[in-house]
Amino acid sequence: ETGVTQSPTHLIKTRGQQVTLRCSSQSGHNTVSWYQQALGQGPQFIFQYYREEENGRGNFPPRFSGLQFPNYSSELNVNALELDDSALYLCASTGQIEETQYFGPGTRLLVL
Amino acid sequence: AQSVTQPDIHITVSEGASLELRCNYSYGATPYLFWYVQSPGQGLQLLLKYFSGDTLVQGIKGFEAEFKRSQSSFNLRKPSVHWSDAAEYFCAVAARGTDKLIFGTGTRLQVFP
Numbered sequence: 033e034t035g036v037t038q039s040p041t042h043l044i045k046t047r048g049q050q051v052t053l054r055c056s057s058q059s060g061h062n063t064v065s066w067y068q069q070a071l072g073q074g075p076q077f078i079f080q081y082y083r084e085e086e087n088g089r090g091n092f093p094p095r096f097s098g099l100q101f102p103n104y105s106s107e108l109n110v111n112a113l114e115l116d117d118s119a120l121y122l123c124a125s126t127g128q129i130e131e132t133q134y135f136g137p138g139t140r141l142l143v144l
Numbered sequence: 727a728q729s730v731t732q733p734d735i736h737i738t739v740s741e742g743a744s745l746e747l748r749c750n751y752s753y754g755a756t757p758y759l760f761w762y763v764q765s766p767g768q769g770l771q772l773l774l775k776y777f778s779g780d781t782l783v784q785g786i787k788g789f790e791a792e793f794k795r796s797q798s799s800f801n802l803r804k805p806s807v808h809w810s811d812a813a814e815y816f817c818a819v820a821a822r823g824t825d826k827l828i829f830g831t832g833t834r835l836q837v838f839p
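Those protein sequences? They're chains A and B, same order as listed.
If you're matching positions, the first sequence starts at 33 in this note's numbering and goes up one per residue.
If you're matching positions, the second sequence starts at 727 in this note's numbering and goes up one per residue.
For reference, chain A alone in the conformation it holds in the complex:
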């Protein structure tokens, strides 16, 4: 059984650019959630995808968007990057019969 994987591990962008982060869910998991963890803070829920549909969203602007693919992998897209978007972005997946999230190692984004 493979765990949650994320790519890339690190990324540097400049303000105003766009970025795409990728996540492969744990084998057998059909739900993917994304979190933003700013330095020194706890993770904040961005949104969740279940069977390719958005299934809940946190307090993030529309320039944060996502996709889920038929194989349950997912992308997080952020447009018009701002300096405050610098953070560790965590992906987590959940199985069908449990309500526990399992996290990937994260993508560290730096916006200059």
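Since the hints were derived computationally from the structure, they do not count as laboratory data.
One or more hints might be untrue.
Claimed, not checked - Quick list of the computed label-pair ranges, beta carbon to beta carbon:
hint, chain 1, residue 1, chain 2, residue 2, range
1, A, L71, B, A743, 23 to 31 Å
2, A, A112, B, S729, 27 to 35 Å
3, B, T831, A, G35, 23 to 31 Å
4, A, D116, B, R834, 20 to 28 Å
5, A, R83, B, A755, 21 to 29 Å
6, B, I735, A, T132, 39 to 47 Å
7, A, G90, B, P733, 20 to 28 Å
Treat the numbers as computed from the prediction; the structure is a model and nothing was measured.
Backbone N, C-alpha and C define an ideal beta-carbon position, used for all residues, glycine too.
Chain B: place on chain A using the hints.
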């Protein structure tokens, strides 16, 4: 509003000493409760969780946590800390029947030899 409070930002203990990390939550009903650990530059690893039943929950790495409804608390404990336990610890809650987590701000644990 739902929230999780971890009152201790930073805790330092000696190796072999006991440990208790505090967590209080504010929620309309008893939520699901979790403790996660994060090593520097890493993702989150689940230590333990409480959904229902016995209020004393055993987790991995020798950790346990006790749910106290009257105090809205879910404190994490370990009888004897190892140097490898140095990390950031996060308490989290989720509404029953969901898996969307609300996290506390974390407690950084430092272990001295």
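Hints, one by one, checked against the model:
1. In this structure, L71/A and A743/B meet the distance hint of 23 to 31 Å, their C-beta atoms being roughly 29 Å apart.
2. A beta carbon spacing of about 30 Å between A112/A and S729/B agrees with the range 27 to 35 Å that was offered as a hint.
3. In this structure the supplied range 23 to 31 Å holds for T831/B paired with G35/A, their Cβ-Cβ distance being about 26 Å.
4. A hinted range of 20 to 28 Å for the beta carbons of D116/A and R834/B is consistent with their spacing of about 22 Å.
5. As the Cβ distance of R83/A to A755/B is approximately 27 Å, the hint placing it in 21 to 29 Å holds.
6. Against the hinted window of 39 to 47 Å, the Cβ-Cβ separation of I735/B and T132/A comes to about 26 Å, which falls outside the hint.
7. Separation of G90/A from P733/B is about 24 Å and conforms to the stated range, judged on CB atoms against 20 to 28 Å.
In summary, the structure is inconsistent with hint 6 from the numbered list given earlier, while agreeing with all the others.
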